[in-house]
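**Q** Sequence:
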Amino acid sequence: MTHAEKPQSWSDLPTELAGLVLCRLPAYSDRVRFGAVCRHWSFSAKQHLPPPVPCLAFPDGTFFSLPHSESFQFPDSVGYHSSSGEWLVFLCDGTYSLKNPFSKVTLTLPKLSCFCPIEEPEEIVPVTLKEEIPQESLDMGAEMSVYKLVVCSSLLAAAIVNLGPLYTIALCRPGADSWLVSTLLRRGQHIDMMFCGG
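So in numbering that gives the first Met the number 0, the last one in the sequence shown is 197, and the numbering has no gaps at all.
Some hints could be false.
[Unchecked claim] Pairs of lysine to any residue, SDA-like flavour, derived with a Cα cap of 20 Å: (1) K110 / S152; (2) K103 / P116; (3) K110 / L165; (4) K110 / L154; (5) K110 / S153; (6) K103 / V88; (7) K103 / F63; (8) K110 / A157; (9) K147 / P74; (10) K103 / E118; (11) K103 / S70; (12) K147 / T107; (13) K103 / G84.
Treat the hints as calculated values from the structure; they're not laboratory data.
Turn these sequences into a full structure, and let the hints steer you where they fit.
**A** Shown next, in the form of structure tokens:
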């Protein structure tokens, strides 16, 4: 290198190469460290990537990274209720919130006492299916509780909820005023749910 040449910076690495490096980092903690190098790499870290290898999360706020056999502490993650993807779910005073322990982003979901009924269009629930499932009426005064919560993105959460003895599906956007609750109610318990292509 001559005296006239300026030393190269890691931030000068082309985006395509940064993306190739990033795709080879299986652990979420490595991806966070990668994005912390510089603004250019932080932008690369936000691209769509295959899911990272999961961490084991313990109730005391300790996380264990499988690829590196290392543990690290997130003190503000103590007492989480459950998890969905990269989000920890917290319940406090009838309100659920989502926290990403790596990015520190927190999203608040509507209070469980605030919900609006929605009826599914015929294209989603055909008349034949509605006839097969015994219909129960939605009690707007019933107390709602969450059986399972799934976070699709920072813009949408879905839950299996029970309203008294009845189970149904509810949707909400973080920061919204209320949950949208399906009027297709059942006495039998839903077991699980997942997002497909969304």
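**Q** Starting from the hint list further up, note which numbers the structure goes against and sort them upward.
**A** Per hint list: 2, 9, 10 violated.
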